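With the hints in hand, could you dock these two chains into one complex?
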Amino acid sequence: MESIRKPAEEETIYGPGREPYEGPMETIERGEAEKRVAKPVGKLVEGREPFRWRSIVSYKTIPNIVLRGYDTTRLAEEGYGVCDILFILFQSRIPLSNEERMLNYLTILFFDDGMSLPAVSSRASSDGRSFMTQAIGAGILAFGHVYGPFQDYGYMMNKYLERAEKENKSLKEMAQILVKEYLEGGETILGLYPEHVQGDPMPYRVFKKAESLGTAGKYHDFQIEIQNAVNQVREKEGKAKLHPDMVGAAGSAMLDLGFTPEATWAIVITTRAYGCGAHAMDEMEDKSTEEPYGVRLQGPEDYDGIPDRPVPPVKDREKVAKPIVARTVDDWHKTFKELKKIKGSGWSI
Amino acid sequence: MEKTKKEAIEKKEREAITRRKSAISYKTREKVVVRGYDMSELAEAGYTFEDGIFVLLQGRIPTENEMRMLRYEMAEFIEHSMSPSAAAGITTMGGRPLLPAAIAAAIMCFGAAHGPGAAHGYMCDEFFERAVKENKKDLKELAKTLVDEYLREKKPIQGLGQPQHIYGDPRVYPTFRRSQMLETAGVYNQFQLELLNELNRRRMKEGKTFVHPNMIGAGNSSLMDLGFSPLASFIIGSVSRGYSCAAHAIEQLKRGHAWMASRREKMVQLLDLAMIKYEGPPDRDVPPIRNRDKYAQEQKEKGEWKKWNL
Numbered sequence: 001m002e003s004i005r006k007p008a009e010e011e012t013i014y015g016p017g018r019e020p021y022e023g024p025m026e027t028i029e030r031g032e033a034e035k036r037v038a039k040p041v042g043k044l045v046e047g048r049e050p051f052r053w054r055s056i057v058s059y060k061t062i063p064n065i066v067l068r069g070y071d072t073t074r075l076a077e078e079g080y081g082v083c084d085i086l087f088i089l090f091q092s093r094i095p096l097s098n099e100e101r102m103l104n105y106l107t108i109l110f111f112d113d114g115m116s117l118p119a120v121s122s123r124a125s126s127d128g129r130s131f132m133t134q135a136i137g138a139g140i141l142a143f144g145h146v147y148g149p150f151q152d153y154g155y156m157m158n159k160y161l162e163r164a165e166k167e168n169k170s171l172k173e174m175a176q177i178l179v180k181e182y183l184e185g186g187e188t189i190l191g192l193y194p195e196h197v198q199g200d201p202m203p204y205r206v207f208k209k210a211e212s213l214g215t216a217g218k219y220h221d222f223q224i225e226i227q228n229a230v231n232q233v234r235e236k237e238g239k240a241k242l243h244p245d246m247v248g249a250a251g252s253a254m255l256d257l258g259f260t261p262e263a264t265w266a267i268v269i270t271t272r273a274y275g276c277g278a279h280a281m282d283e284m285e286d287k288s289t290e291e292p293y294g295v296r297l298q299g300p301e302d303y304d305g306i307p308d309r310p311v312p313p314v315k316d317r318e319k320v321a322k323p324i325v326a327r328t329v330d331d332w333h334k335t336f337k338e339l340k341k342i343k344g345s346g347w348s349i
Numbered sequence: 001m002e003k004t005k006k007e008a009i010e011k012k013e014r015e016a017i018t019r020r021k022s023a024i025s026y027k028t029r030e031k032v033v034v035r036g037y038d039m040s041e042l043a044e045a046g047y048t049f050e051d052g053i054f055v056l057l058q059g060r061i062p063t064e065n066e067m068r069m070l071r072y073e074m075a076e077f078i079e080h081s082m083s084p085s086a087a088a089g090i091t092t093m094g095g096r097p098l099l100p101a102a103i104a105a106a107i108m109c110f111g112a113a114h115g116p117g118a119a120h121g122y123m124c125d126e127f128f129e130r131a132v133k134e135n136k137k138d139l140k141e142l143a144k145t146l147v148d149e150y151l152r153e154k155k156p157i158q159g160l161g162q163p164q165h166i167y168g169d170p171r172v173y174p175t176f177r178r179s180q181m182l183e184t185a186g187v188y189n190q191f192q193l194e195l196l197n198e199l200n201r202r203r204m205k206e207g208k209t210f211v212h213p214n215m216i217g218a219g220n221s222s223l224m225d226l227g228f229s230p231l232a233s234f235i236i237g238s239v240s241r242g243y244s245c246a247a248h249a250i251e252q253l254k255r256g257h258a259w260m261a262s263r264r265e266k267m268v269q270l271l272d273l274a275m276i277k278y279e280g281p282p283d284r285d286v287p288p289i290r291n292r293d294k295y296a297q298e299q300k301e302k303g304e305w306k307k308w309n310l
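First to last, the protein sequences are chains V and G. The first sequence lines up with residues 1 to 349 when you count with the working numbering. The second sequence lines up with residues 1 to 310 when you count with the working numbering.
The set of hints was computed from the structure by calculation and includes no laboratory data. Nothing here was measured: the structure is a model prediction, and the numbers come from that model. Built from N, CA and C at the ideal position, the CB exists for glycine as well. You may find that some hints are simply not true.
[Claimed, not checked] Counterexamples of contact, computed for chain V against chain G with all Cβ distances above 12 Å:
#1 Asp-71
#2 Lys-159
#3 Lys-218
#4 Pro-300
[Claimed, not checked] Output of the computed footprint for chain V on chain G, the stretches with three or more beta carbons under 8 Å from beta carbons of chain V:
#5 72–85
#6 208–217
In isolation and in its complexed conformation, chain G is listed as follows (with noise of 0.2 Å):
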C-alpha cells in the first residue's frame, strides 16, 4: 500500500494542486519561514503568541507596548459566551461532522452583523482618506458629517451598539482606557470616542437613550491604531473566537446529545419539535399532479404566495 503510494508519488502522474507565488512563507525541509524569519528561531528566541500574530500579518516585530495590547485584546476576544458564532458551532457539531467543520462554521458565521470589524475598518478609512482629500481633518468635525450622512441614510454606524449588553459590553471602556496607559492609542481611538460622543449628544437631543460602543468600535479601533487592516483586525477578531466556539462545539460533543432533539434530556432540546413555532401558510391539501398547470395558474395569480416570498 505504501509503496503504490510512493510510486505515485514518486512518478507525479498528476502535479501539485497549485504553485503561487507568496509573500507570507516559504517552508524547506529544514524551516518554515514567515515574512523572513525562521518561525522556531522565533519560538526559541522567545517571543510570543501575540508577537507571531504582528509577524504574521504586518510582516513585523512589535514594540513591547504594541505586544502587550495585542496580548490585552485577544485574551479578552477571545470568549463572549452564547453568540452567534458559539451558537453555529454548537448545532454544528450536533450533526457530528469532523471538529473543523464546526470551528469553520463559526468563524464563518462573523459578518456584516457579528463583529464587522472589517466594516467598520474601511468606514474609518474611507472618511480619513476624505479628510485628507478635502483638507477638513479635524476628527470632531468628520464625526459629525459621518453622523449626519449615517442618520441620514439610515446605516448602522459601525462600533455602537449591542444587543445584549445594553449598557455597554463590559470589554469597551477597559480597552479604551488600556490602549491609552500603553500609548497606543491613535487617530481610530479618537475618532471612535468622537463618534460616540456626536451620536449621543443628538440622541440626548431627541431624550433617546445612550448608546455605547461595542468591541468593534473599541476593539477594532485599538487594532487598527496597531497598524492592523481592516481584514487583518477581522481575521484576529473572528480567529479567536473560534477557540472558544471550538471548546463550545466539544462541549456539545461530550456532553450533549447528537441531533439536539432527545427527548431523554431534562430539559427541552434546541431541536425539540416543541421549539418549532410554525407560522406559515395554513396545512392545504395536495393537489393531483395532473391538475398542476391549472392550480398553479390559479395560485400564482392569487398573489397570496408573495406574502410568504423569501
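So that you can see chain V by itself, here it is in the shape it has in the complex (with noise of 0.2 Å):
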C-alpha cells in the first residue's frame, strides 16, 4: 500500500509543513481499484434483462401514441381537453363533468399570480436574451417550500388524516392536534397565510365552488377544521384571525379531485409556467429592458455587507487569515455561531 506520490510531490502540490496522508487509500491506489472495477461488461449484466424505458404512463409506436391505454389521437377527436387529460395522465381515469369542471376553474386560477416569484424570475431570465423555455424553467425553479407548497402541504394533509383513521379521531380532533403540534413545534401550518396577510376572496370562492359541484370532501372539511381550531387558538390569545390561502384552499380542492401530493404541485406549477412565458415574452417585447437586472450600477447604497476594507498583500496571508478548522465540537459551535453572522453565507437559513 505505498502511495504513488512522493512526499516531495506532495510538497509540490500542497505546499510544505502538510501532514503525510495516513487515510484510506484506494482512491490513489490504481492496483487495488483495478481489480475491483475490472469486471467485463457481461458479468456486469449477467441474467438481467437489457435496459428499456419502463412506463406506467405511455408508449408510442411508428403510428400510435398511447396514454394509460386510450390512444392520445382519439381522445382529442372526441372532443377531451387539457382537464380530462390531466385526469388521465396522473389518475388513469376519465373525470367526471363536474370534477373536469372544478380543474378547468382552478387551473384559470393558477395561470398568473401577477408579479410573483416565478414571474420575475423568468423575467430576469429572458432579460438575458435565454431560449424562452430556460425563461420558463427559471420561473418553475421559483417553486419550493415556501412559494407554493402544495406538495408538502399534501403530505401535512396525508399524514394527519392517515392518523385519524389509525387513532378513530374526528377531523375536528385530529386537526386540534395538528395545530397544537405545529404551534408548539414553532412551525409554519400549511394552507393559511401568515399574521401580516389579511386574506383574500380567492380561496372561500374555490371551497365554494369545490362544494356546488360536489367535489369538495375529507380535505376540503379537514382544512376548514384547521382554519376553525387554530382560529380558536388565536381568539383565546387575542390574536387576529388567519385566513386560508390557495394552497390551502385549491390544495384541498386538488387532493379531493383525486390528484396526489406530487401531482398537485406538477399541475399548479406547470400550469403557472404558461403565465411565466407570458411574463418573459412582456419582458423581451421592452425595449426598456435591453438593460438587463445587474447591468445597471448598483451603488455602495443599497449594500448592507461588511464595509469596504483594503486587500492585504499576499505575503501576509498567514498573519491576516484565520484557520477556521473546528477540532472539537465546542470549537464547531463557537465557529457555527460566528458564520452565521456573515451575510449571504447560507449558515443561518
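Structure representation (C-alpha cells):
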C-alpha cells in the first residue's frame, strides 16, 4: 500500500508543512481499484434484461401515441380537453364532468399570480435573452417549500388524515392535534396566510365552487377544521383571525379530486409556467429591458455587507487569515455562531 | 420566530427584489387580474382552461371554434411518451431534487431540435415578410423559394420529418383536418402544406422517400393561425409537455430507484456501469506532476488530443 506520490511531490502540490496522508488509500492505489472494477461488462449484466424505458404512463409506436391505454389522437378527436387529459395522465381515469369542471376552474386561477417569484425569475432570465424554455424553467424553479408548497401541504394533510383513521379521531379532533403540534414545534401550518396578510376572497370562492360542484370531500372538510382550530387558539390569545391561502383552498380541492400531493404540485407549477412564458415575452418586447438586471450600477447605498477594506498583500496572508477548521464540537459551535453572522454565507438559513 | 419575520417585513430592511411594469397582470388583496380580466370572474363565468391561455398569451377571449381548436391541439400535445424532454424529467428525478427541478429540466430540454416551435414560426414569418416586400404573395411560389434556399444552404426545413414516426406523426394529419373543419386553418396551414408538397415533389424525382410533416409543422402552423406568436406557440407546446414529463418524473420517484443504477432491479438500469461504452483515448499513465510541462508540451505538439477535443 505505497502511495504513488512521493513526499516531495505532495509538497509541490500542497505546499510545505503538510502532514503526510494516513487515511484510506483506495482512491490513489490504482492497482487495488483496478482489481475491483475490472469485471467484464458481460458479468455486470448477467441474468438481467437489457435496459428499456419502462413506463406505466405511456408508450408510442410508429403510428400511435398511447396514454394510459388511450390513443391520444382519439381522445382529442372525441373532444376531451387538457383537464380531462390531466386526470388520465396522473390518475389513469376519465373524470366525471363536475370533476373536470372543478379542475378547469382551478387551472384558470393557477395561470398567473401577478408579479410573483416565478414571474420575476422568468423575467430576469429572459433579460439575458435566453431561450424561452430557459426563462420558463427559471420561473418553475422559484417554487419551493415557501412559495406554492402544494406537495408539502399534501404530505401534511395525508399524514394527519392517516393518523385520524388509525387513532380513530374525528377531523375536528385531528385538526386540533395538528394545530397544537405545529404551534408547539414553531412550525408553519401550510394552507393559511401568515399573520401579516389579511386574506383574500379567492380561496373562499374555491371552497364554494368545490361545494357547489359536489367535489369537496374530506380534504376540504379537514382544511376548514384546521382553520377553525387555529383561529380558536388565536381568539383566546387575542390575536387576529388567519385566513386560508390558495395552497389550502386549491390544494385541498385538488386532493379531493384524487390528485396526489406530487401530481397537485406538478399541475400547479406547470400551469403557472404558461404565465411565466407570458411575463418573459412582455420583458423581451419592452425595449427598456435591454439593460438587464445587474447591468445598471448599484452603488454602496444598497450594499449592507462588510464595509470596504484594503486587500492585504498576499505575502501577509498567514498573518491576516484565521484558520477555520473546528477540531472539537465546542470549537464547531463557536465557529458556527460566528459564521451565522456573515450575511449571504448560508449558515443562518 | 413569526414575530421576528413580521418585524423584518414591517421594517422593510430590504426592498422587494424588483418593481417592474407589467402588461400581463397585477394583483390586489381582492383579485388577480390578467390582461384586464379578474381570473376568478373568468373561472366563475365558465370559461375554459383553453380560453385562459388565449387571455394570457393574446389578451383576448377566443371564438368558440378557436377555443375548440386549441383544446384539440393541447390535448394532443400533452403526451409524447419517450422523447428528450421525458428522458430529462426522468433522469433529473433520479437525483431526487425537488419536483420543480425535474419539470424545469424537461421543459428546458425543448430547443432548436426538440419541438422547435419558435424556429418554425420565425421561418414562416420571415418568408411572409419577404413576400409582402417583394410583392410575390403566391404561397406555392414562396414554398419553392424557401425549399430552394434551405436545400442549397443545407438548413433543416422546420416542420418536416420525425425520427420516430417515420410514416408521419399520428397527430399531424388529424390536426390539419381539424383546423380545416373548425375553419381556423389559415395562411400558416396552407404554407405548411405547400412546403410539404414542394419538398416531396423534389424528393420523389430523386427517388427518395416521402418526408411527412411533424407536430411542429401541423401543430405550430395551427397555433399561429390561431394568432399565437412564434414564442407563444413555443410556450404552449413545451409547457403542455411539462405535465406529462412531470408524470414520468413522479413515476421515477415512486416506482424507480434513485440514481438509476441499482443492480437489484431485474432490468439493467440506465446508469448501470454496463451501460457505459467508452470510446475515448485508451487508458494511459498519469505523468508525475514534476514532469508536467515536458509531458504537456509533447502532448500538445503531437496533436492527437484534437481528435478528442469537444
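To see whether the hints hold, each was checked on the structure:
1. Asp-71: violated, 8 Å
2. Lys-159: Label holds. Min Cβ-Cβ 17 Å, cutoff 12 Å.
3. Lys-218: holds, 22 Å
4. Pro-300: Since the minimum Cβ distance to chain G is about 15 Å, Pro-300/V lies beyond 12 Å and the statement holds.
5. 72–85: Answer holds; 10 residues pass the 8 Å Cβ test.
6. 208–217: Contact hint for the stretch 208–217 of chain G vs chain V: violated, 0 residues under 8 Å.
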